[in-house]
Amino acid sequence: MNALLLRRARLAGAQTVATQAGSDPSSAAIADVKLWRLREPISRRVYSVIRIRTRGGLLGFGEAGAVSSEELVRGSQIVQGKAVTSFEVLDRQLTVTPNLQPAINMALLDIVGKIANAPVYQVLGGPTRHKARVITMLEGATDAELVASMKSASAAGYRAFIVPLPTAQWRNNGKQFTDAVTNRLKALRAESPNADFVLDAAAKLTAGDAGMIAAALEPFHILWFDEPTPDWNRKVAARVSQETVTPVGFGRTARAGDFQELLREQAIDVLRPGLQQHGISRLRRLAALAEPYYTAIAPFHDGGPIATVAALHMAASVPNFFIQQIPHANNEKDRAMRAQLFKRPEVMVKDGFTSLPSGPGLGIQVDEDALMRYEERPA
Amino acid sequence: MMDRRTFLSACGCAPMAMQVATETDAFKSIGTKVRITRMKVFGVSLTPDSDRPYVFVKIETSAGVEGWGEATLEGKAAAVMACVVDFKEHILGADPMMVEHLWQSMYVHSFYRAGPVIGSAISGIDQALWDIRGKLLGLPVYKLLGGPMDLRGVRGYYHMRGTTLEELRAQRDIAKSEGITCFKGGIPGYFEWIDTSAKIKQAVQSMERLREGLGPDIDIGVDFHAKTSPSVASILVKEAEPLNLLFIEEPCPPENVKAMARISARSTTPIATGERLIASYGCRELIEAGVVDILQPDINHAGGITALWKIGAMAELAGISMAPHACEGPIGGLATLHVDAATPNFLVQEICSGVKPEMKEKVWEEWLGFPAMRMVNGRFPLPEKPGLGFTLDEGKLKKYPFGGTRSMARVFHEDGSVAEW
Numbered sequence: 069m070n071a072l073l074l075r076r077a078r079l080a081g082a083q084t085v086a087t088q089a090g091s092d093p094s095s096a097a098i099a100d101v102k103l104w105r106l107r108e109p110i111s112r113r114v115y116s117v118i119r120i121r122t123r124g125g126l127l128g129f130g131e132a133g134a135v136s137s138e139e140l141v142r143g144s145q146i147v148q149g150k151a152v153t154s155f156e157v158l159d160r161q162l163t164v165t166p167n168l169q170p171a172i173n174m175a176l177l178d179i180v181g182k183i184a185n186a187p188v189y190q191v192l193g194g195p196t197r198h199k200a201r202v203i204t205m206l207e208g209a210t211d212a213e214l215v216a217s218m219k220s221a222s223a224a225g226y227r228a229f230i231v232p233l234p235t236a237q238w239r240n241n242g243k244q245f246t247d248a249v250t251n252r253l254k255a256l257r258a259e260s261p262n263a264d265f266v267l268d269a270a271a272k273l274t275a276g277d278a279g280m281i282a283a284a285l286e287p288f289h290i291l292w293f294d295e296p297t298p299d300w301n302r303k304v305a306a307r308v309s310q311e312t313v314t315p316v317g318f319g320r321t322a323r324a325g326d327f328q329e330l331l332r333e334q335a336i337d338v339l340r341p342g343l344q345q346h347g348i349s350r351l352r353r354l355a356a357l358a359e360p361y362y363t364a365i366a367p368f369h370d371g372g373p374i375a376t377v378a379a380l381h382m383a384a385s386v387p388n389f390f391i392q393q394i395p396h397a398n399n400e401k402d403r404a405m406r407a408q409l410f411k412r413p414e415v416m417v418k419d420g421f422t423s424l425p426s427g428p429g430l431g432i433q434v435d436e437d438a439l440m441r442y443e444e445r446p447a
Numbered sequence: 028m029m030d031r032r033t034f035l036s037a038c039g040c041a042p043m044a045m046q047v048a049t050e051t052d053a054f055k056s057i058g059t060k061v062r063i064t065r066m067k068v069f070g071v072s073l074t075p076d077s078d079r080p081y082v083f084v085k086i087e088t089s090a091g092v093e094g095w096g097e098a099t100l101e102g103k104a105a106a107v108m109a110c111v112v113d114f115k116e117h118i119l120g121a122d123p124m125m126v127e128h129l130w131q132s133m134y135v136h137s138f139y140r141a142g143p144v145i146g147s148a149i150s151g152i153d154q155a156l157w158d159i160r161g162k163l164l165g166l167p168v169y170k171l172l173g174g175p176m177d178l179r180g181v182r183g184y185y186h187m188r189g190t191t192l193e194e195l196r197a198q199r200d201i202a203k204s205e206g207i208t209c210f211k212g213g214i215p216g217y218f219e220w221i222d223t224s225a226k227i228k229q230a231v232q233s234m235e236r237l238r239e240g241l242g243p244d245i246d247i248g249v250d251f252h253a254k255t256s257p258s259v260a261s262i263l264v265k266e267a268e269p270l271n272l273l274f275i276e277e278p279c280p281p282e283n284v285k286a287m288a289r290i291s292a293r294s295t296t297p298i299a300t301g302e303r304l305i306a307s308y309g310c311r312e313l314i315e316a317g318v319v320d321i322l323q324p325d326i327n328h329a330g331g332i333t334a335l336w337k338i339g340a341m342a343e344l345a346g347i348s349m350a351p352h353a354c355e356g357p358i359g360g361l362a363t364l365h366v367d368a369a370t371p372n373f374l375v376q377e378i379c380s381g382v383k384p385e386m387k388e389k390v391w392e393e394w395l396g397f398p399a400m401r402m403v404n405g406r407f408p409l410p411e412k413p414g415l416g417f418t419l420d421e422g423k424l425k426k427y428p429f430g431g432t433r434s435m436a437r438v439f440h441e442d443g444s445v446a447e448w
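Going down the list, the sequences are from chains A and B.
For reference, each letter of the first sequence is one residue, going 69 to 447 in this note's numbering.
For reference, each letter of the second sequence is one residue, going 28 to 448 in this note's numbering.
Chain A extracted, bound-state conformation (with noise of 0.2 Å):
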């Protein structure tokens, strides 16, 4: 419809532009920002802790993934001297930095719940729920592996857990490649008859044979397929919701507004932004889109313990929230590590559910010791 992009067009010429808003003299105003770039010692896992200053002296912690100096710096200068209670002025602004976006809204959201000292989910409007359902991804090649896996992590509280796909051999597989699926959820079951199961494809399936295991996996009922597909042809994407029952999910490596398309074609029953990417506020949008299509958020996480924390409070304060990844070391060095970061536990999983976190803002005593000892520096 051409008539409608020209009107776009003028449109945006008639809107105001927030260039100015947000500067602030008070002490709620932001004076730095720090990062410090982390790495599991097992998992290698890599996720950057930022904490925000006011010039009061209040403190905010935020997750981003891998942020590069240019935007640190970028960044740092777009939020000095702005009001912390801006924060979706600034995720605006912020669009230039992409990577740093997300841990800015975090951090600025934890120093607005404790100037009016009451937890991030309770200042956007909840709590909607007062504990919150997880999953963890299970870790693995085999299928014996992956029952350790889910062994270690049902110890742990879990009783949801994402499975990987087995390899595939060729670019588009039969019987084999089915049973082998089938198969593995086959011996995950068995081992824990009442566990939950999401089958994630990480994007490497063409649509037909997505289509075909799909619909061998309907007499499971695992709770969703994860990125069956890519994401990036609808049409394609929407094949596996059209040929099966299988619910599915995507959005991993999703824009914004990929999920009204994804949502408009009919092809996805769960949608897995990550933390990482967009924050506690743009989940918060990407939630309110998906409620009128009866449809609900559970995100994508596969970093460290801040963004946890921030997840849990954008799933109390939606209402629309199934359940929320969170990433579990089967090893003792990763969980040291991720332990030691706070200076109270990291959130306790219990059958299958963790509790809210506590506290004003985020609820986190982040150990900037431990972020020290656990930083990684060039060599």
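Calculated from the structure, these hints are not laboratory results.
A portion of the hints provided could be inaccurate.
[Stated by the list, open to error] In silico DMTMM-like pairs for lysine to aspartate or glutamate, Cα to Cα no more than 25 Å straight-line:
1. B:K412 x A:E333
2. B:K425 x B:D52
3. A:K219 x A:E207
4. A:K199 x B:D52
5. A:K182 x B:E411
6. B:K285 x A:D326
7. B:K285 x A:E207
8. A:K303 x B:E312
9. B:K55 x A:E207
Given the coordinates of chain A, work out where chain B should sit on it, guided by the hints.
Only chain B this time, still in chain A's reference frame:
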């Protein structure tokens, strides 16, 4: 006699025990200790024969903090007042901070979902809860929502009063001296399903006169008010193209998205609609189909601050702007400013007033102690105080007792059949 639970079990539709457990028990460990102690609803008629008595909701809490909201529904005042009272089981005894949860409970547990009566009742309660939230957290609502986008305030527009060139020019001169950047006008008369060349020319000329009177540097919206059919509206939006209007509003009634789309596809003039839509559910199809450029939900009908924010969030992802409707009392007007100020895709805020203050605005000032919903330099100033940012002594409302429900205008064509206005 069968009690309610026995009856529900007998007909196989008993809610599960888990679902009937009260929120207060389940949330005991994580909510606040504050509880809602009282909810009052006020019908307020500025004149005894007003067709839109204001419906105000006041919620009181155990913390001594109170909140105000507006549930005014034009032409259906008594129905919405009764509906507010019907929600007392959801609200009394609840933790007022849990606004999203209470909103969901009011909407979802109403079962039939929300039309304008339920939507307006939820709106009034929701605004009052946000007022309380802001006061308990010590921040104005727009800061809780992450704003303000513009420290100077919220851009607004007044309605044109009068249609002659002299009247238009006089208003333009006041507007220019006061920094006002936008106006809205209408088109005269009522329209048949298909209309005559004379009627079409008259409508187009009235739009041309708006541009001539206001000049090239004031933005103009024109409200068709759903008086026109898609067939007639299509001709009008096409012929209005050279005027470069900011938008044409409600070119047809709101129920049929494809009819709206047909009009929209036939013109480059932006199309606006939404004042009669309830919640994000009511706007979903318009947004999904990319039919309109501007959405105009009303904070007093759509479901309050919670719903207006969500509609704005959906619209942003579709490149659609927000220009909320406001044609009722001052509480909803002030509430909508908070959402506007935190909406990145906000365009302009309506107020159904002229460039010169009118009688109702004197009353608003008498109630609130400041000139509510009057622009300064073309913008509505933002409140500084926590919550919605005003105090209201309910005793001041007594001077304007509820005059009962009055119907909105009822108009008819020459042959006596029902017309839209």
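Here's how the hints hold up against the structure:
Distance check on the hinted pair: B:K412 and A:E333 sit about 45 Å apart at the alpha-carbon level, beyond 25 Å; violated. Proximity of B:K425 to B:D52 is assessed by CA-CA distance (about 39 Å); at most 25 Å being required, the pair is judged violated. A distance of roughly 11 Å separates the Cα atoms of A:K219 and A:E207; the hinted pair therefore holds under the 25 Å criterion. At most 25 Å may separate the alpha-carbon atoms for a hinted pair to count; A:K199 and B:D52 meet this at roughly 13 Å.
Annotation: proposed proximity of A:K182 to B:E411 holds, straight-line Cα distance about 20 Å (limit 25 Å). Of the pairs offered as hints, the one joining B:K285 and A:D326 holds, with about 23 Å between alpha carbons and a cut-off of 25 Å not exceeded. Simply put, B:K285 and A:E207 have alpha-carbon atoms about 50 Å apart, too far for the 25 Å limit, and the pair is violated. About 20 Å separates the Cα atoms of A:K303 and B:E312, which keeps this hinted pair within 25 Å; it holds.
Under the criterion of a C-alpha separation no larger than 25 Å, the hint pairing B:K55 with A:E207 is inconsistent with the structure, at around 37 Å.
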